[in-house]
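Quick note: to get this note's numbering, add 61 to the position in the sequence shown (first position is 1).
These are calculated hints, taken from the structure and not from any lab test.
Quick caveat: nothing in here was measured; it's all calculated off a predicted structure.
From the three backbone atoms N, C-alpha and C, an ideal C-beta is built for every residue, glycine too.
Any given hint could be a false lead.
[Stated by the list, open to error] Simulated DEER-style distance windows between Cβ atoms:
no. : residue 1 : residue 2 : range
1   : N163      : N229      : 29 to 37 angstroms
2   : G319      : E102      : 24 to 32 angstroms
3   : S105      : H195      : 26 to 34 angstroms
4   : I172      : A311      : 33 to 41 angstroms
5   : W221      : Y141      : 32 to 40 angstroms
6   : L227      : Y180      : 27 to 35 angstroms
7   : N229      : H344      : 42 to 50 angstroms
8   : N248      : A311      : 31 to 39 angstroms
9   : A320      : E252      : 40 to 48 angstroms
10  : F117      : Y141      : 13 to 21 angstroms
11  : E209      : N166      : 20 to 28 angstroms
12  : S226      : P161      : 41 to 49 angstroms
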Amino acid sequence: MKPWYVFIILILLPAAISAQRPAERNFLHNPLWNERHHVEEGESRYMNSFGGWGGFGNFGLRRDTHHLWHQDLGAFIELYRHSDRRSLVFTGQIEFIADPHNDINFNPRAIFWEEGFMYTWRGGDYFLQLGFYHRCKHDIDNLDRGEERSLIYSSLWGRWLQPFSLVNSQDLILALRYDRYIITWDNRIFENSTQADFDRSRWDELSSGFSVNLHWQSNPDRMGNGYYIEPRIWLSRLQADFRVNHGINAGLNVRTEGAEFRVGLEYEYLHDSGIPAEPSDVHLISFGIKAIPAFGIR
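From just these sequences and the hints, can you work out the full model?
Given below as structure tokens:
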């Protein structure tokens, strides 16, 4: 892949089009990248591998009144693998959001939950994934606010993962994903509302979504240090309307035999954060750390 192709993509992605709020939107998961759990050709293995990840960050530069801290947790178990060509995974992850409205500057505000199955098939140098994810969002400790918003936005989805060699071998991953939402719900309760408030940006009108992720990371040096950058865009359809979100995260990664640690800065625009009962868009800049398995996640 020519370097200038990637340069153009990196320029266009943030300006062009992630709507809604998938908990796994800022990484790519593919168990078949993890060759340490190798299965010989023609053989199958059940309960082949498992792992998890966690992250913590602060929305310290730009935030609305609903975002101060975030915590990300996830886990997966590879239920089945055949010949390093097919894999079935069950996975679950959460995104926990806290706002500043209590005495210790850490008030639980909302939790976004995701769980489901992911099937991966290797085809030459590319991978195809199919899955079903149940997603929901719930408020936390918000009775004193006089408002509540609960969401369900579950989907059947498919993704194509294609590696490219930009600077080093297969250092760039392109991911194209399509979601078809099949279970949706947007329940809002809040005071001083109007019908227009209830009609705005309703997630129960979600029908489909299309996303593009690019992930590049350098080869680690002798100390295991490297760099990464990932821009992403997500276009969602709500009946006759389209909504556009985008984000980019970049930073340093340190890889050991057992894990990879990332320290980075992230910018994200959400047309509707999904948190307040009266929908509003938000620009977020956060600084955080994340620990992920050394292989299988980019």
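Within 40 to 48 angstroms or not, the Cβ separation of A320 and E252? For A320 and E252 the Cβ distance comes to about 47 angstroms; the hint holds.
Can you tell me whether the CB distance of S105 to H195 sits inside 26 to 34 angstroms? holds, 27 angstroms
Assuming the hint says 13 to 21 angstroms, is it satisfied by the Cβ distance from F117 to Y141 or not? violated, 32 angstroms
Could you see if the CB distance from N163 to N229 stays within 29 to 37 angstroms? Given about 47 angstroms between the Cβ atoms, the range is violated.
Honestly, do E209 and N166 meet the 20 to 28 angstroms range at C-beta? For E209 and N166 the Cβ distance comes to about 23 angstroms; the hint holds.
Cβ-Cβ distance between G319 and E102: within 24 to 32 angstroms? For G319 and E102 the Cβ distance comes to about 27 angstroms; the hint holds.
Does the Cβ-Cβ separation between N248 and A311 fall within 31 to 39 angstroms? holds, 36 angstroms
Given the hint of 41 to 49 angstroms, check if S226 and P161 actually sit that far apart at their C-beta atoms. Holds, at about 45 angstroms.
Verdict for N229, H344 (Cβ pair) under range 42 to 50 angstroms: For H344 against N229, whose Cβ atoms are near 33 angstroms apart, the range 42 to 50 angstroms is violated.
Taking 27 to 35 angstroms as the hint, is the beta-carbon distance of L227 and Y180 inside that range? holds, 28 angstroms
Between W221 and Y141, does the C-beta distance stay in 32 to 40 angstroms? With Cβ atoms ~21 angstroms apart, the hint is violated.
Do the beta carbons of I172 and A311 sit within 33 to 41 angstroms of each other? violated, 26 angstroms
The structure does not agree with the numbered hints 1, 4, 5, 7 and 10 stated previously, though it agrees with the rest.
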